[in-house]
Structure formats: structure tokens, C-alpha cells
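Those protein sequence lines, which keep their order, are chains V and E. The opening position of the first sequence corresponds to residue 0 in numbering that gives the first Met the number 0, with each subsequent residue numbered one higher. The opening position of the second sequence corresponds to residue 0 in numbering that gives the first Met the number 0, with each subsequent residue numbered one higher.
Simulated from the structure, these hints should not be mistaken for lab results. Source: prediction; values computed, not measured. Beta carbons: idealized from backbone N, C-alpha and C, even for Gly. Heads up, a few of these hints could be off.
To be verified - In silico BS3-like links for lysine-lysine, alpha-carbon gap of 27 Å or less:
1. E/21 - V/13
2. V/49 - E/5
3. E/5 - V/96
4. V/12 - E/5
5. V/21 - E/179
Unchecked claim - Over 10 Å on every C-beta distance to chain V, these chain E residues come out as not near it, computed from the model:
6. 51
7. 60
8. 74
9. 91
10. 205
11. 225
12. 227
13. 253
14. 264
15. 331
16. 333
17. 349
Protein chains: 2
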Amino acid sequence: MKDYYKKSLALHKKHGGKIELKSKVSLRNRDELSLAYTPGVAAVSMEIGKDNKKAFEYTLKKNTVAIVSDGSAILGLGNLGPYAAIPVMEGKAAILKEFAGVDAFPICLDMQDTEEIIKAVKQIAPVFGAINLEDISAPRCFEIESRLRAELTIPVMHDDQHGTAVVVLAGLINALKLRKLKKETAKIIFNGAGAAGTAVTYLLIKYGFKNIVVCDSEGAIYEGRPGLNKEKQQLAKVTNPNKIIGKLAEVIVGSEIFIGVSKAGLLTSEMMRTMAKNPIIFALANPIPEIMPNVAKLAGAFIVATGRSDFDNQLNNSLGFPGLFRGALDNRIKQFDDKIFIRAAEAVAKFVKKPTPDKILPNMFEKGLVKAVSKTVY
Amino acid sequence: MKDYYKKSLALHKKHGGKIELKSKVSLRNRDELSLAYTPGVAAVSMEIGKDNKKAFEYTLKKNTVAIVSDGSAILGLGNLGPYAAIPVMEGKAAILKEFAGVDAFPICLDMQDTEEIIKAVKQIAPVFGAINLEDISAPRCFEIESRLRAELTIPVMHDDQHGTAVVVLAGLINALKLRKLKKETAKIIFNGAGAAGTAVTYLLIKYGFKNIVVCDSEGAIYEGRPGLNKEKQQLAKVTNPNKIIGKLAEVIVGSEIFIGVSKAGLLTSEMMRTMAKNPIIFALANPIPEIMPNVAKLAGAFIVATGRSDFDNQLNNSLGFPGLFRGALDNRIKQFDDKIFIRAAEAVAKFVKKPTPDKILPNMFEKGLVKAVSKTVY
Numbered sequence: 000m001k002d003y004y005k006k007s008l009a010l011h012k013k014h015g016g017k018i019e020l021k022s023k024v025s026l027r028n029r030d031e032l033s034l035a036y037t038p039g040v041a042a043v044s045m046e047i048g049k050d051n052k053k054a055f056e057y058t059l060k061k062n063t064v065a066i067v068s069d070g071s072a073i074l075g076l077g078n079l080g081p082y083a084a085i086p087v088m089e090g091k092a093a094i095l096k097e098f099a100g101v102d103a104f105p106i107c108l109d110m111q112d113t114e115e116i117i118k119a120v121k122q123i124a125p126v127f128g129a130i131n132l133e134d135i136s137a138p139r140c141f142e143i144e145s146r147l148r149a150e151l152t153i154p155v156m157h158d159d160q161h162g163t164a165v166v167v168l169a170g171l172i173n174a175l176k177l178r179k180l181k182k183e184t185a186k187i188i189f190n191g192a193g194a195a196g197t198a199v200t201y202l203l204i205k206y207g208f209k210n211i212v213v214c215d216s217e218g219a220i221y222e223g224r225p226g227l228n229k230e231k232q233q234l235a236k237v238t239n240p241n242k243i244i245g246k247l248a249e250v251i252v253g254s255e256i257f258i259g260v261s262k263a264g265l266l267t268s269e270m271m272r273t274m275a276k277n278p279i280i281f282a283l284a285n286p287i288p289e290i291m292p293n294v295a296k297l298a299g300a301f302i303v304a305t306g307r308s309d310f311d312n313q314l315n316n317s318l319g320f321p322g323l324f325r326g327a328l329d330n331r332i333k334q335f336d337d338k339i340f341i342r343a344a345e346a347v348a349k350f351v352k353k354p355t356p357d358k359i360l361p362n363m364f365e366k367g368l369v370k371a372v373s374k375t376v377y
Numbered sequence: 000m001k002d003y004y005k006k007s008l009a010l011h012k013k014h015g016g017k018i019e020l021k022s023k024v025s026l027r028n029r030d031e032l033s034l035a036y037t038p039g040v041a042a043v044s045m046e047i048g049k050d051n052k053k054a055f056e057y058t059l060k061k062n063t064v065a066i067v068s069d070g071s072a073i074l075g076l077g078n079l080g081p082y083a084a085i086p087v088m089e090g091k092a093a094i095l096k097e098f099a100g101v102d103a104f105p106i107c108l109d110m111q112d113t114e115e116i117i118k119a120v121k122q123i124a125p126v127f128g129a130i131n132l133e134d135i136s137a138p139r140c141f142e143i144e145s146r147l148r149a150e151l152t153i154p155v156m157h158d159d160q161h162g163t164a165v166v167v168l169a170g171l172i173n174a175l176k177l178r179k180l181k182k183e184t185a186k187i188i189f190n191g192a193g194a195a196g197t198a199v200t201y202l203l204i205k206y207g208f209k210n211i212v213v214c215d216s217e218g219a220i221y222e223g224r225p226g227l228n229k230e231k232q233q234l235a236k237v238t239n240p241n242k243i244i245g246k247l248a249e250v251i252v253g254s255e256i257f258i259g260v261s262k263a264g265l266l267t268s269e270m271m272r273t274m275a276k277n278p279i280i281f282a283l284a285n286p287i288p289e290i291m292p293n294v295a296k297l298a299g300a301f302i303v304a305t306g307r308s309d310f311d312n313q314l315n316n317s318l319g320f321p322g323l324f325r326g327a328l329d330n331r332i333k334q335f336d337d338k339i340f341i342r343a344a345e346a347v348a349k350f351v352k353k354p355t356p357d358k359i360l361p362n363m364f365e366k367g368l369v370k371a372v373s374k375t376v377y
């Protein structure tokens, strides 16, 4: 990691950031300037002035996404503020362009109030064709996303929630097939009830999973547990059908699937040995997973996936968001919804021609993946 | 004009806007991705988290300007709103990149309240190295600019005010020399007291002009004129030293210089004939000037400048703003001020090696102009 850190600092310093703007039109002489700028551009302004929707035809709005963060939950680093968010948002913008041809620009907001963020995003929306919310902490992210979806006329997606959900579901679809489990009966223990954990859980339920128990640091979430916030009360209503109670080590007994979006080292070999035989382990904490793949394998794991590129089965949002935004812009969708996310997950899963326990997901460099996902966004 | 309009609409439709984002780093494999994005980028976020100023070294902030508009005063078209502003801001961004290597991104705000605009610009500021306010109507633009200058730590410039002021002063410097007039004694009639008119007047006074009379649609502005707004009361205090009263046609008598930032056709041959001999006429209304150059010449004009590219002496902001923002970023200035604008105007004037009545200004395609201006921004 140290080596990556040093090299990354050097790379960022050398270039002074990772993205730049570029003119798509030539400006070599007065005539060209008269078309791209005054007086010619007045015609374009007048057309759009009569019908704002024309901005989708005549301006960058057609192909441009805002990547919006307040820096409150940057990677696994926590609340480092909007300035520290810039390099992450730039990285995301670089990926969107290189992999999906989407123009994206970082909007890093110098405040962290829910209502203020909603207002600011609505105020800057005219230039953009879609909004990618990013690295905004839970539970504020839920309210911000749902309000913006209701109040804006362009699609809005919090990638930490739904990008993750799409890729986890894609991985699960292939894992279930290999392990010969059924979504209706498989028992899933979920560790972590933040933005990602919550969104993945809801998508899995929508997809048809019936027996999910979500744990936070207190243990299993169940209806009536004292001190649950509004979001966890909602979650309790649709999960944990048998109302089991206890810490992770107690409730994991007999389950077939563990999904962690929590912290390094929270899953032990001992816990794993109490699970059903040949369990499926998605240990997604970054950069250090809940259990290391070699340890999990030794403890009997049939399939292990992590967020890391240096192990098999990397489960990374980058498999989802480039195609999701490409499709949202191309098809001018009104809004993202669960049907889109399920179709996208199925497309990612199907993209692996012959899944094996060491290859349940494509990698983002495989040609055609972005297109396969973007086609499902309608 | 019709031909320009048709061609411009076609150009904008063909490209779907004029600017795009581009990655400056290569993302062809996992290793490259690990430096530009996770896990490597975490090091950059942590560095910036400790010291926000490091964003100037490691991110796009180093070279990126926000072009902010609320669409309340688009070109000469009026208040068409933020969507109609997009193509103009994109054109400006394209010019900044092509001529000065500055990355600029349009922020078109979906509201027009002064306090809300100030707040929004402060909220989005982290990503940017400077702010270019654009096409915001007077008098709100004055308050917005001065407040943002006081409350932000990056330079802020309303180009309609100061970009215009720099270029008008540059043209005047050469015109005075050719016409053998002195700034201390030359009598200037200014027609138009909006954003540009007000800013140009103040810069000319700062430069040393002593006898300026500003007219609005009611005629000369003077101290004590009933119904003046706050901004015009201020203007009245520092202009019109002889307290002359009357409509443009009355007060223009005997003046040596006319500067119009008003409306098509407001200056007639009859008025011109009452001016001092061989007057200097800057007829800057766009796209149709206060008087057409051939008519002005017939009525005795020594020098005529307009905003148009199809006549001699085009007086266009594009001579100023690319170099002003290039310099502001390169030299990390704290704030723009009148000293910078005067030095910039002198640099533009000096860039014309041998000024003649038909060539008082360089054209923006001349090599070295941006550099000459940017050097004065310190």
C-alpha cells in the first residue's frame, strides 16, 4: 500500500489533477469563433430560452454528469471534507470518460447539511444530464437521494448505494448458481448497515431473497430493537423474518452467505466454521477485508470475493456505474429504479460466460461490459 | 446574422455542446487504476485532508475556473434563464482552453436571488482556482462580486464588468495617443450605466480620467438627480464634475470621446457633429452598435471601435479574460484589483506595435497576447 501511496502522490502532483476540459470545436479564426461564440451562439441561447429541454441537444448537458460529494464519507477514510474529496471524484470522472465516454465533473460542496445539499444540487442541475452522488455519509445520503429523485427531472444515483448493490447482486447470482442455492431459501448474514449495506439489502429483497439478517455493531437488527434510527427501523421490517437476536458470532450460525460491508477482520475462522458447509463469503471492507481470502478458504469457503484488485473475484463499483450512467444519458431515462438495477446486475452476471468459484464477475477491462450494462438502463 | 445563426445551431447540434472532459492519466490496466483511483488516491485525500491548500497541487483546482451565470443578462438577449446561458458559458470555456490553456466549467444556477447566488458559489468553490462571473444583470452583479471577493479565498472577476473595462481602457490608451488627447482633460460621454458602463467608468477614473459624464436612458447622471439607485448615486459622486444636466443629445456637445455600452442606433450623425472635432467613438452595443462605423466616419469620427469582428477595431473581452485568468491561476493571486486591470490594459495597448486609427487593438489570434496580459496579473 505504501508504494501505491507514494506513486499516487507523485502522479497527482505531476499532472496537477487528473481531468481537464477540452474544446470539441475548432477556434482557429474569426469565422469559427463567430459560430461557437458571439454572434452565432445567440441563436442557440434563444432556442433554449424558448424550450429548456433543447439544452439536451445543443449543450454539454447531453453527455455530462455531476459527481457530487460533501466529503463526509471518503472511501474508508471518513469525514475529511470537500477538498479531500476532489481527487476521488476526479478519479471517478476519469473512469467515466475512459470506460464509458461520459463527461463528468466533480462538484465538491463546502457544507454538510442535508437540506443545503439538496438545494445546491438542484441549483446547479441545469448543466447536467444526470447526478452521481458520491461519498456522502449515511443516513443523510438516503434522504438526499430520495428527495433529489423526486424534485429533479434528471436521473440521480448514489453510487455507494446502488453501484455497490448492482455488483453484489451480480456476484451473488453467479455464486448461487455455482453453489446450487435458491434465493428464496438461502440464508444471508449481512454485516454493516451503512449506505452500501442498506441499499444492497433492499435490492436483494426486491430480487427475491427472503432470509436476510442485517447486523450492525450491536448485532442483528430486528423489529423493536431499542434505539434503532428511522432507517434501521425500516430495514428491520423487511429483514430478519425469524426475529433472531444476538451478536454476529451468534446469528451467523447455519447461514450460507456472509456479506460484509463493515470493517477489517470482523469475520473469524471460528465464526465461519459455524456457517453451513461451503459458505459464500463476500468480504468487502476496503482496503482490508473482513477476512483475508486465504484464511476464508482454509476455513471452508466455497467462494470468496473482496473489493481488492489483487485477489480473485474483485467486487468493484466500476463494473456498474460507467454502464449505468452511459445508459441513463443515452436513453434519457426519467429516473433510476430497482428494475434497472436488477437488469443491470443480471447483465453483469451474464457477462461471465463460464462462471467458476474464482471468477464470478467480469473485470472492468473486458470489452463490451459497459455496453451490456447500458442497454439495461431504460 | 441569419447565416451565422443557422450554422451555429447546426454546429452545436452536431457536437452536442462544445466542451468535453478528458482524463490526463492513463487507465489501461489495474496498476494504473490503482494509482489514479483506489487504493492509491487515498493518500492524496489524506494529504489534502490535513491541509486543504494542497488541493492546488494535487487536483484540477490548480488550473480550473468556474464560469458562473444565472442567465439573467445573456449577451444582449436579456433574462433567458440558466439553461439558455449554457452555450455561452461553454463558448467561454472553449476560448479559455484554446487560447490560455485554462480549464473552465460552466455553473449555470437555477435561481436569481443575490444572497442565494453568493451562497451557492461559496458552496461549490472547493474545486475551483478562480471564479468568472458572467452574464449576471446589474445591479445584482456588483453586490455578488464584491461579497464573493471578500468572502472567498480565490480570485473572483465579473468579466462583463472588468474584462470590458480592461479592453476599453486599452483601446482608449492608444486612441488618446493617436488623437493627442490627455486623460486629465479629455471629455468623455458614456452612454449606458449597466454592469459594463459602471465598471469601465470606475477603471477610467482610477487610471486618471477626470471628466466623464455617464448617461442612462434619462440622460446625464448627476448628484442629486431624483430616483437614482444606490449604484448610480455612487457613480454620480465621482463623475460629471461640472454637474451638467440633460439628455444625451444635449450633454454630448463639445465632448471628445463617446463610449456606448447601450443600444443600437442611440448615437446619430447630428449628435456627433456637435462633439469636438475628430471625435473618438466606441460604439459597443452588440450585435448592432450605437452608430455604424461608416456613418460615424462620414460624420467626422477620427477613430471608431465596435464589438464586431467584421469591422476594424474590434473591442472584445476575449482580448482580456484569457490572459487575466491564466495569470490569476499561474501566480495564485489573492484577488483581482484595479491595479491589475490597469496593468493588463496597458499590456494590451502596448501589444499593438504601431497603432493607427484603424488598428488601436490587437486581435485575439495574435501570438503572445495572452502571455503579455497574464504577466501583469500579480
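Hint check results:
At roughly 16 Å between alpha-carbon atoms, residue 21 of chain E and residue 13 of chain V fall within 27 Å of each other, so this suggested pair holds. This hinted pair checks out: residue 49 of chain V and residue 5 of chain E have alpha carbons roughly 16 Å apart, not beyond 27 Å. With a C-alpha separation of about 31 Å, the suggested pairing of residue 5 of chain E with residue 96 of chain V is violated against the 27 Å cut-off. Taking the CA atoms of residue 12 of chain V and residue 5 of chain E, the gap is about 44 Å. The hint is violated against a cut of 27 Å.
Proximity of residue 21 of chain V to residue 179 of chain E is assessed by CA-CA distance (about 44 Å); at most 27 Å being required, the pair is judged violated. The non-interface label for residue 51 of chain E is inconsistent with chain V: the shortest C-beta to C-beta separation is roughly 4 Å, within 10 Å. The Cβ of residue 60 of chain E does not lie farther than 10 Å from every Cβ of chain V; its closest approach is about 7 Å, which violates its non-interface assignment. Residue-level check failed: residue 74 of chain E sits 5 Å from the nearest beta carbon of chain V, not beyond 10 Å.
Consistency note on residue 91 of chain E: stated as away from chain V, yet its beta-carbon is not over 10 Å from all of that chain's, at 7 Å minimum. Distance to chain V confirms residue 205 of chain E as a non-interface residue, since its nearest Cβ pair spans about 28 Å, more than 10 Å. Listed as a non-interface residue, residue 225 of chain E keeps its Cβ farther than 10 Å from every Cβ of chain V; the least gap is roughly 35 Å. In this structure residue 227 of chain E is separated from chain V by more than 10 Å, as the shortest Cβ-Cβ distance comes to about 31 Å.
With a least CB separation of 34 Å from chain V, residue 253 of chain E remains clear of the 10 Å interface cut-off, as annotated. Here residue 264 of chain E stays apart from chain V, with its beta-carbon at least about 17 Å from theirs, past the 10 Å limit. No Cβ of chain V approaches the Cβ of residue 331 of chain E within 10 Å, the least distance being about 12 Å, so the stated non-interface status holds. With a least beta-carbon separation of about 18 Å from chain V, residue 333 of chain E lies farther than 10 Å from that chain, consistent with its non-interface assignment.
In this structure residue 349 of chain E is separated from chain V by more than 10 Å, as the shortest Cβ-Cβ distance comes to about 23 Å.
In the structure shown, a violation is registered for the earlier hints numbered 3, 4, 5, 6, 7, 8, 9, in ascending order.
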